[in-house]
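**Q** The chain contents come next:
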Amino acid sequence: MNSRSDLEIPGQVTPKGGLSHAAIAQAFSAPAFILLIATVVAPVFVVLLISLTDYRLGRLTLNFIGLGNYARMLADPFFWGALRNSAIYTAVVVPVSVFGALCLAVLLDSRRRSRRFYEIVYFLPVTSTLTAMSIVWSYLLNGHIGPLASLFSTLGLPPLDFFADGTLALIGLAIIGIWHLIGFNLILFLAGLTVISGELKEASALDGMDGFWDRLRYLTWPLLAPTTIVVFVLSCIQAFQVFDTVAVLTNGGPYGATEMLLHKINTDTFTGLKAGYGSALTVVYLILIGAFSLVQVAVGNRKAHF
Amino acid sequence: MAAGVGHGVAPLAAARRTFVGADRTGRQRRSAVLANKAEADMADHSIDIIDLEKRFDRTQVLKRINLHIRDGEFLTLLGPSGCGKSTLLRLLAGFEPCTSGCILIGDRDVSPLPPKARNIAMVFQSYALYPHMSVRANMTVPLEMSRLSFRQRLPGAALLSAKVRAIRKEITAEVESVAKPLGLEALLDRKPAQLSGGQRQRVAVGRAMVRHPAVFLMDEPLSNLDAKLRQQLREEIVDLHRRTGITFIYVTHDQTEAMAMSDRIAVMEGGEIRQCAAPQEIYDRPDYLSVARFVGATAINEMPALVRRGSVSLNRQVLEMTLPGLADGEYQLAVRPERLHPAEGGNADFSLPVEQVEFTGNEVGIRCNGAEIGSGAIRVQLRPESFRQLRQGRHAGERIALRIAEDAALIFDASGRRVSVLPTQPAQLQEDRLELAV
Ligand SMILES: Nc1ncnc2c1ncn2[C@@H]1O[C@H](COP(=O)(O)OP(=O)(O)O)[C@@H](O)[C@H]1O
Ligand SMILES: [Mg+2]
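Chains as they are written, first to last, in this note's numbering: chain H, 1 to 306; chain A, 1001 to 1438.
These aren't lab readings, by the way, just hints derived from the structure by calculation. Accuracy of the hints is not assured; some may be wrong.
Calculated pairs, BS3-like style, for lysine-lysine (alpha carbon to alpha carbon, straight line, at most 30 Å) [said to hold, decoys possible]:
| id | chain 1 | residue 1 | chain 2 | residue 2 |
| --- | --- | --- | --- | --- |
| 1 | A | Lys1116 | A | Lys1169 |
| 2 | H | Lys274 | A | Lys1163 |
| 3 | A | Lys1228 | A | Lys1180 |
| 4 | H | Lys274 | A | Lys1063 |
| 5 | A | Lys1169 | A | Lys1191 |
| 6 | A | Lys1191 | A | Lys1228 |
| 7 | A | Lys1063 | H | Lys201 |
| 8 | A | Lys1116 | A | Lys1180 |
| 9 | A | Lys1191 | H | Lys201 |
| 10 | A | Lys1163 | A | Lys1180 |
| 11 | H | Lys274 | A | Lys1191 |
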């Protein structure tokens, strides 16, 4: 009692009407709580419910069909194709953009004056609208009119049309994905590198860790471990969410070679109007994203304390 | 206290400074120093800093530093914040290239060498321990880096090669032998974050010691600790220096620390070394008014003085002492608080009204109003017994008659440089000459 009255502003009395401090605290946090329910929890719940029905967009009726949508999904080769493509895309984009950003960050960290310039250059793709930039990329990677095409023809090589060939199209999308993600990761790594003070670098130089690889192994990498986990998980989520480039450049084609999960959800739900089935896909998507986050929390809590 | 050690040193250092004359080029001087060394004993780790300059863009941080540090010496760089102490240390360690000049350790020019090849260890102000490594790993890593090749350090190398195992065992034993006297044995498996400030400081010392460096650099290593711990670690560092006999270069802005620990102190100001001498010498014979102000626990008393035909007057009160041979003009007269004595009889230089009396146990501080002699507050320090004697039958707020102790007045000219004419007796002069001749 004594300690609590110490905390109170002098002259203020305990509120009358039986309202405890806990009740007041709950009242104050209620708006945030309600907002969270309304915008996050409720929609997820609704999606979960719709995924158990045969609801089609625009209809007024729906039937409860249990796990029918999920059974259909497991039998759908296009679902597995989309999942596989998303996985390949993620497996290419994440390691390259994470490791590339790490190397760039280490290199940039030792620059004094040009650092700002490079930061801006690498961060520009993050700020640009991917939809608009996709058009530029489609020109750059075009097999007939782009600079890549003229380079190939100058070298006497056969033209390489990225978005006409199935495998190449996926690689083309991955290149754009890396280009878009690397700047973001770079900034996160540069922020993480500020942990390594100037004196720490000097101490390591004195102790003989002055080569690039030695410093990376003994100092930079271990100290960046927490950052790396965050960057890795964020990159996975980002890569799994790829949508703009697919929608603008390939529309999932050619022949479903670049169909990704999020794009398929969109097509099935809003073009095919199969909201029930789309919701089932969304549930799977949410589970995957949630799993990434859980990995981050689990590994992040186990990380070395310093 | 180590102060007594360097008694005959200052003249020697001065001699070396004159030897490293101002009109020769750096290269000539360097070879001259080298030749001089060849005559002396060889395997030493003394340091010669010759005409060292450092510029960052347009700001000149270090201006023509010349300094000789003897093998096994404890030298302190003392100066206010921003005067370039850390920069000088970082040039010595090789973290920054010199703009011009060179640094010799032993008889080797280390300027082109990277930090790890200079056989130097350093304790940083923030300790700079590797936060992700245990205390043991912190101390092991410098040895691993110097004794094992890149391949031998790869994970699993110890499993494949008996040689690597033997080296690692040796390293472990060495780390433990360094950790023991520092009291780190129980802490070896902790991370730096789990240590107190004093323990971290010891680990930093331990990490620096394992390599048995030729030179030990410390950049304000005690400034992050509380007063009591600082006192204790100060003694430990002095002990460490005595035990190892390594050349120590210690940076601090705390004059008490510098006075208590060093063989010699180099006082820096604005990127220059103002004076380099034993603590006693710095305290008693500061070359510059700024040095006199910086050194000493209680501020030195400054009084504007007028000299006419050898007689000195403070605001028209003529003093007893005479300064024959000193050009007429205005000077600053400075006296340490403990060298102002209460005067009995008629031999007082001046008498001043007492403003405040402060008793601190082992001494009594008296603050007088110095307006009558044209200066600010004049501080006097007395032993308690002489104060009691003085106090008998009197009250505070009265006047106190003061006399400047013989040989205690320091005279500085308008530029703040001490003028060498001393108000000394002939016998004293002779003694000084003898000392110079040593
Ligand atoms: N890397 C740097 N670039 C520009 N100026 C610097 C740099 N390092 C130090 N300085 C300048 O040099 C001066 C001396 O710094 P420093 O050696 O750290 O002083 P101290 O250690 O004596 O407090 C300061 O004025 C500081 O601003
Ligand atoms: Mg400093």
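**Q** Tell me the numbers of any earlier hints that the structure contravenes, in ascending order.
**A** The structure breaks hints 2, 4 and 11; every other hint is satisfied.
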